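K.L.:
Sequence:
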Amino acid sequence: MGFSEELFLDKVDDLFFCPICLEVVKNPVQDKHEHLFCRTCIESWFKCNTIRSCPVNREQLSPNEIKKPGRIALNILSKLNMKCMYKECTKIVSYEQFNEHFTKCEFRNMSFCPKGCGHYGINMHDCLDFVLMKNYDLQDKIETLVTNLYKIEKKCNEEIYQKMAINRSLQFENKRLKRENLQLRKFSKFQTQTSKTPKSWNSSTKIA
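Throughout the sequence shown, residue numbering follows this note's numbering, covering -7 to 200 in sequence.
Do not take every clue at face value.
As the list claims (entries may be wrong) - The calculated lysine-lysine pairs, modelled on DSSO-like cross-linking and capped at a C-alpha distance of 30 angstroms, are:
(1) K126 with K18
(2) K3 with K167
(3) K96 with K170
(4) K71 with K59
(5) K24 with K126
Hints were generated in silico from the structure; no laboratory data involved. Computed from a prediction, not measured in an experiment: that's the story for all the values here.
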């Protein structure tokens, strides 16, 4: 999973959103097409999918083709300003400094809400409102994921139909070539037999 867009104070370019978790890439890596992914997301993708393909364009892709992003992409990411995940913390850090700050943040040892709503921190809150807010956020992400999956499924089906049509065309062409080959062999055999047949022409025969 990546970083929530809400943590960023700067506008994040669409290129830096992981196409798997739909969040800003965390520990980014890229494929041969320069698509960026969270390292954990693409590793999980390969574990869950026996057919090794790119999550974006469905082209063949192996784990060996995953590498560190280019310097330009990393430089842009590293300069993005972020706020701490703990709401009580007011520090602003860069993307590059975020993990180090997160492990040392003074608010890190604070406890979650004892009622189990998932809220983290010391400030007062309404558990129901917090849960509803998280639920709405999850619903939006699910709808986006479903839409993306529908697009991928549609593209895959189109590719399957195209391949089936090509296969049928090749089968038809193969049958046609076999028929032509058979006819040529018969004709060749006939020609051979004809050339071996002795001529019955009699030179003494007079033409009337």
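K.L.:
Given the hinted pair K24 and K126, is their Cα-Cα distance within 30 angstroms?
P.N.:
Since the Cα atoms of K24 and K126 sit roughly 35 angstroms apart, the hinted pair is violated (cutoff 30 angstroms).
K.L.:
Need the status of pair K126, K18: alpha-carbon distance at most 30 angstroms?
P.N.:
This hinted pair holds, its Cα atoms lying about 21 angstroms apart.
K.L.:
Can the restraint linking K96 and K170 be considered satisfied, given a maximum Cα separation of 30 angstroms?
P.N.:
Distance of about 75 angstroms is beyond 30 angstroms: violated.
K.L.:
For the pair we were handed, K3 and K167, check the Cα-Cα distance against 30 angstroms.
P.N.:
violated (59 angstroms)
K.L.:
Given the hint that K71 pairs with K59, test it: the Cα-Cα distance must not exceed 30 angstroms.
P.N.:
Holds, at roughly 21 angstroms.
In this structure, the hints that do not hold are numbers 2, 3 and 5, in rising order.
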